[in-house]
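Chemist: Chains as they are written, first to last, in the working numbering: chain C, 1 to 114; chain E, 1 to 115.
Zero decoy hints are in this set.
Here's a subset of chain C near chain E, in silico, CB distances under 8 angstroms, partners left out:
(1) 41
(2) 43
(3) 45
(4) 48
(5) 58
(6) 90
(7) 100
(8) 102
(9) 103
(10) 105
(11) 106
(12) 107
(13) 108
Source of the hints: derived by calculation from the structure; they are not laboratory data. Please read all numbers here as calculations on a predicted model, not as lab measurements. Beta carbons: idealized from backbone N, C-alpha and C, even for Gly.
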Amino acid sequence: DAGITQSPRHKVTETGTPVTLRCHQTENHRYMYWYRQDPGHGLRLIHYSYGVKDTDKGEVSDGYSVSRSKTEDFLLTLESATSSQTSVYFCAISESQGGNQPQHFGDGTRLSIL
Amino acid sequence: GNSVTQMEGPVTLSEEAFLTINCTYTATGYPSLFWYVQYPGEGLQLLLKATKADDKGSNKGFEATYRKETTSFHLEKGSVQVSDSAVYFCALSEGYGGATNKLIFGTGTLLAVQP
Chain C
1 DAGITQSPRH
11 KVTETGTPVT
21 LRCHQTENHR
31 YMYWYRQDPG
41 HGLRLIHYSY
51 GVKDTDKGEV
61 SDGYSVSRSK
71 TEDFLLTLES
81 ATSSQTSVYF
91 CAISESQGGN
101 QPQHFGDGTR
111 LSIL
Chain E
1 GNSVTQMEGP
11 VTLSEEAFLT
21 INCTYTATGY
31 PSLFWYVQYP
41 GEGLQLLLKA
51 TKADDKGSNK
61 GFEATYRKET
71 TSFHLEKGSV
81 QVSDSAVYFC
91 ALSEGYGGAT
101 NKLIFGTGTL
111 LAVQP
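Next comes chain C alone, as it looks inside the complex (with noise of 0.2 angstroms):
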C-alpha cells in the first residue's frame, strides 16, 4: 500500500472557524491531490499540486486553499468552514504526470461542520 497518512481521520468543529487537514506521503511522489466525495457526485478536486509551492485549482475549489511547503506534506485549509464542507476528504499522490499513471489514495478524513 501507498504510504500516505491523513489526519486527523475525523473531525467536528463550527461554522466559521478554521480547519486545517494534512496529508503526509513517504513516497516521494511529485503529484498531490485533494479531492472531496459526496453522495451523488462521487469524488471531486479541490486542489492539486505539481511539486513543491506549485499548486493549482481543481473543480470546486472555492472555499479552500492549499500549501505544499516540502514534498511529503500537503495542507488543505477551510479558511472560514461552512456548513456545504461538509464531506470526505481524500487525499491522493500519482508518480508522474502522464494520464495513464494511477493515483493512490488516503484513507480520508470525514468532516463535520455544524
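Fit chain E to the known structure of chain C by using the hints.
Modeler: Just chain E now, kept in the frame of chain C:
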C-alpha cells in the same frame, strides 16, 4: 468537458452471480480509464485500468474492456463473493502525454452481495 456516467445503484446480487456495472464516458483525445473500489471506511483502491482502445484491464476476477466505438468501460465479474461488496467508481484521465492526470469520477455504484 470530460465526464463519466455510471449506473445508479445499489446493485444487489446473490453470491456467485454475474456482475456488470455500466460506465460510459465523454472525452476529447485519448483518455485512460480506471475502475476504483472503496470498501467501507477506507479510501479508494485501484482495481484495474486500460490506457488505449481495445485494452482489457483485469484484476481479482474483474475485467473491463476499453471500447472507443461505444465510449464504454463496463466492469464485469463472472462470480461475485460477499467480500466484493463495496462502492465501485469509474474514472478517466487525459491519458498519456496529457498535461496532468487529473481524474474525473463517476458517481459510484454500491454493490451489495448477499450470501
